[in-house]
Amino acid sequence: MADLLPNVSDPLAGLTFQDIGFSTLFYVAYIIIIAYITVFVSSFLLRKLSERLPTYRHTVTMLIPLVKIFVYFLAFYYITIAFIQPNLTQLVAFFGLFGAALGFGLKDLFADIIGGIVIIFEKPYQIGDKITIGETYGEVTDIGIRSTKLVTPGDSIVSVPNYLVFSQSVSSANAGNVAMMVIIDLFIDSRCDAGLGMKILKEAIISSKYIIVTEKFPYTILLDDFPFYHRIRGKAYVGDLRNEFEFKSEVTRRAWIEFRKHGIRPPRMRDAIPEKDTLSSLPP
Amino acid sequence: MESGEENGLPQYQVELEAIGQGISDFEEGKGENIALISEPFAGRGKLINEIRKSHTDKITSIRFNTTITSNEFLSSLREGKEIIIVENCHFLAQRKIGGFDQIDAFLNYMSSSDQLFITSWNTFSWSYLSEVMSVNSFFPRVIRLYPLGAEALKSLILSSYPYAIRFSENGERAADRISVSMACLHLRLPFSSTVHCIPWPEIRLPQLMKGRGKMKAEDAFFDRLASISGGNPGVARKLFEQALTFPEVPLSALKDPKYTISLGINDRFILSLILTMELVSKEDIAEIAGPDIDIDKSLYLLSAGGLVTREEGSYAIAHEALKSVVQYLELSRVVW
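Respectively, the protein sequence lines represent chains Y and X.
Residue numbers for the first sequence follow our numbering, so the first one is 1 and each next one is one higher.
Residue numbers for the second sequence follow our numbering, so the first one is 1001 and each next one is one higher.
Mixed in with the good hints there might be a few duds.
Said to hold, decoys possible - Derived lysine-lysine pairs resembling DSSO-like cross-links, with alpha carbons at most 27 Å apart:
#1 X:K1081 x X:K1030
#2 X:K1081 x X:K1046
#3 X:K1282 x X:K1154
#4 Y:K261 x Y:K248
#5 Y:K261 x Y:K235
#6 X:K1297 x X:K1282
#7 X:K1282 x Y:K261
#8 X:K1096 x Y:K248
#9 Y:K235 x X:K1081
#10 Y:K261 x X:K1096
#11 X:K1258 x Y:K48
#12 X:K1297 x Y:K248
#13 Y:K216 x X:K1096
#14 X:K1096 x Y:K199
#15 X:K1081 x X:K1096
Unchecked claim - Chain X side only, calculated, beta carbon under 8 Å to chain Y, not exhaustive:
#16 R1095
#17 K1096
#18 I1097
#19 G1099
#20 F1100
#21 E1131
#22 I1265
#23 W1336
What the hints contain is simulated information worked out from the structure, not anything from laboratory work.
Beta carbons: idealized from backbone N, C-alpha and C, even for Gly.
One chain only, chain X, in its complex shape (with noise of 0.2 Å):
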């Protein structure tokens, strides 16, 4: 397996190595299942392509997009090669009577397989399964995309963008300013396969920086995007584009969006199936709501307050309200 740097993915090293790991002692005949999680727009595809390009000629992929009412997946499992990735496992399960059998008989496959699974799925919707079907018990190694960084936010960016890209401070100082970020330090205990993430915050004080130079616009800007995004690399992407004036990011153009959420529980649970299926059609809402809530009220309330975004017939939740969504419907209890 090649590295995260060798890879153009330098902010996943330590993840990309962990699955590396998992293939190599599956070659050595010790097969443990793997799961990749993260939150919407963390970037898992990405990693999957990456694990993908390395290993073209052993591995099958499958990726759902939909979710997905028969089993026909199982043929496509059965004559694959002997690792299988599949992407956004969360698409398996419904939450509604009867909306769990296909994940049953994935995990019932899976089971009595000889082959390896690296699969994909949504934090939420992971958590959610692990405690109702305890999907968590057939993956031994579960890796998690922790928050980035300023530091990796900010070559993950950058190292998109062909051209230099000025950071100007157009009336806010850099140098005035108190910023505090999270980052995150990888660890792995002993005895275990899961890379744990020992979050701490990072703070700079210009008072104590004195010393040491003035803060550059360009560390102030990304240790507040990192702030703003809560870390996450969709999200923070998305919040760089709307502050890019080419060639030029203004350290005022980033703007914090504060969403202030107050819904009954209906609206709640809409918006708690859509950030857990991260994608998801109308007609799929409606189907797992059933009669009892008014879709169409909801999806309205929830797109005309910014927190959902249609694309193509789909709802998905938008970027900048994913840090607040979440924060709320943590709160609320809706998601775990």
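The shape of chain Y in the complex, shown without the other chains (with noise of 0.2 Å):
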């Protein structure tokens, strides 16, 4: 058996052992504790400048990941260094061996840092970004080597493990940057006047202090009729993705002021039910 493969088992063969002491340990917890302040400080320098630049502030903190990665591969390095002294072949053999034996016996875990690269370079997401993914939406605030953290409109942080990017639809609503899409609905009684409840619900929209409009970012006012209401929808960008809601509110809120000055009213729900007497007459 050795004779069939004797490649496999040379390049470890003259792989050779460092004496495993006091200060080989406190070499490793002082290598861990460099990459995590690392980490650490580069993370809130980096979000802290995201915030200086509004324009750019994904693609600086997409760059937050990056060197997490880049600083916890190097610290896994000169850990395995601090073990083993092995030549450029035995390395190859012995990263291929770990990770082999990592994927047997952390398969999960292995999965979420390849999902981890996966979405770094791959960007189905980045920080900042608004996503949908499972039954889960929130801001993406961080993209850890093992799972990716969202705040929720509830303010709750979740923490989505990085794998599903695999096997689950992620939907971002601004995909990158930093302004996003909007809906507004309105239902107003069938009976007003509904041009003139667009031309509010447009006007409320484009004065708005959150919105953003340009050619990229353009705004619409739809109007849909209902048996026994209209629907206005508004579908505009909000500046600062942040300012979801607030915009949402703001808008709704003035839009109806500016509504009943107009008399048009929102839709009643005896208009939808049946009256009595109609009912009665009804053949059984």
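From the two separate chains plus the hints, produce the assembled complex.
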């Protein structure tokens, strides 16, 4: 058997292990602390920088996971050579075997790490995006080695394992852009002036302090007719996706104040429910 | 149409010629409404005055100085001559529900009229109104006042002083300075009425200038002034006046006013209103902002930070702060 696989066992045959003493452990602890501090400080600085560059916020924050992966892999390399002193062939063979062992023993963790790398390079979403993954919707605040952290509209932090990117569909509302489309629906009585309602909603949207309107970020006002009400839908981009809900709330409130001034009412429930007399006259 | 040189505005010769061409075309039967666009303090008014002077008999002129809330101005347009100048058209729109009725009325009137309209706009209002209600589609000829270079600023500013001004180095050697300023190459593309500005940097390196003699203190001063003011003539003039100690201007007296701006969304919005309307009363700001925003607090913060100034009850962007304010609001995506 050994004759059949002479080259597989050879590379690791001369692998020499270092003596593991207090100094080696101290060295490993030192590497881990330095790596942690480097990641922490660089993440902090990049986040601060991103806040000062609102337009390029996502580009800057996407450097954070890259820095993390680079620093942690570098740390792993230094820790490895603290225990063994391999030549290049041995190093490649060692990482191959180590990867295989990791793959069998810590399959999910390994899948998460690969998922993290895929997320960084393929960019299905970025830090700062508003995404829906599985049943969770929220803003991506961190892409780690193992998981992605989302902050939901209810301010809960949800950790989503990175491997879900392989098995779940991910929808990103803004795809790496700071601006994001927001849809606002207002329902009015079908007997009211829908044209005036559209004008008011349009002006409420374009005069909002949160909006951005350019060729790339246009706005639209649409009317849809239903049996007992009209739906006026406004689609527009908010300049900073963090203001998504404030924008929606501000436009809705201002539009309704104006609707009332012009006699535009919300649909009445009794229009949708047949009256008793009508019901009794219906055949059984 | 007289040229800019003859009219005493050589810096805007290209723009004056473009407007003159528009008037000539109108007289030959091809009427294309004109929009003259610029930043605050860039000198739109002076340019309009030149046009008015050269065509007095054919022109009716209207100037808006505050927000317009009724359509009475339309009767002045109807009774006007064949060419109508409407200055500060950004006052026709208010950024609130119901605040676009007057500009709608104006554009409706204009599109059905046989008159030629020469209008002037704040550049940020123009961009906003072009995006939200396609104002630009009513004006086939758009003429922008681009930033002026150091030479143009020098001739513009020095021509307004009847006496000679001495520029002194006062410890700072002009010859040692590396200076970078933006200049503008005017270009009219084929099949387009619009004059475009191709910006390019003018870099002066002392090492390379050794063979061509020393850089004069005067040139160094205006290079720096062009860079600090962003080429805006009104801002440059203000900075020049601040540096002037009659009859001398020390090179070191020209300070670059740096502003570190960090504002909340409400204050940012108020600042953008002042920038886009150029001169706006507190009542108008309150009317637009609505009850959600504490106007007094915002105006206090902006005034205390040196970003806005109060003139006869109305607010305007401080000249020195214009460049920083524009950079900040563009970066924050509040103006486009």
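Structure-based check of all given hints:
This hinted pair checks out: X:K1081 and X:K1030 have alpha carbons roughly 17 Å apart, not beyond 27 Å. At most 27 Å may separate the alpha-carbon atoms for a hinted pair to count; X:K1081 and X:K1046 meet this at roughly 21 Å. Only pairs whose Cα atoms come within 27 Å are accepted, and X:K1282 paired with X:K1154 is rejected, the gap being roughly 36 Å. Our distance criterion of 27 Å between C-alpha atoms is met by Y:K261 and Y:K248, whose separation comes to about 20 Å.
Proposed proximity of Y:K261 and Y:K235 is supported: the alpha carbons are some 23 Å apart, at most 27 Å. Between X:K1297 and X:K1282, the direct Cα distance comes to roughly 12 Å. Compliance with the 27 Å bound is thereby established for this hinted pair. Between X:K1282 and Y:K261 the alpha-carbon distance is near 25 Å, which keeps this suggested pair within the 27 Å criterion. Under the criterion of a C-alpha separation no larger than 27 Å, the hint pairing X:K1096 with Y:K248 is consistent with the structure, at around 16 Å.
Restraint check for Y:K235 and X:K1081: the C-alpha separation of about 43 Å exceeds 27 Å, so the hint is violated. For the hint linking Y:K261 to X:K1096, the alpha-carbon distance of about 15 Å falls within 27 Å, and the restraint holds. Of the pairs offered as hints, the one joining X:K1258 and Y:K48 holds, with about 20 Å between alpha carbons and a cut-off of 27 Å not exceeded. Proposed proximity of X:K1297 and Y:K248 is supported: the alpha carbons are some 25 Å apart, at most 27 Å.
Taking the CA atoms of Y:K216 and X:K1096, the gap is about 23 Å. The hint holds against a cut of 27 Å. Among the hinted pairs, X:K1096 with Y:K199 is consistent with the structure: their alpha-carbon atoms are about 12 Å apart, no more than 27 Å. Between the alpha carbons of X:K1081 and X:K1096 the distance comes to roughly 33 Å, so the proposed pair goes past 27 Å and is violated. The beta carbon of X:R1095 comes within 5 Å of a beta carbon in chain Y, closer than 8 Å, and the hint placing it at the interface holds.
Of the supplied interface hints, the one on X:K1096 holds, with its beta-carbon coming within about 5 Å of a beta-carbon of chain Y, less than 8 Å. Residue-level restraint check for X:I1097 holds (minimum Cβ-Cβ distance to chain Y is 4 Å; threshold 8 Å). Annotation: interface hint on X:G1099 holds; nearest CB of chain Y at approximately 7 Å, less than 8 Å. A least Cβ separation of about 6 Å between X:F1100 and chain Y falls short of the 8 Å threshold, and the interface hint therefore holds.
A distance limit of 8 Å between C-beta atoms decides the matter here; for X:E1131 the minimum to chain Y is near 4 Å, and the interface restraint holds. Annotation: interface hint on X:I1265 holds; nearest CB of chain Y at approximately 6 Å, less than 8 Å. Taking 8 Å as the C-beta cut-off, the interface hint given for X:W1336 holds, the closest approach to chain Y being about 6 Å.
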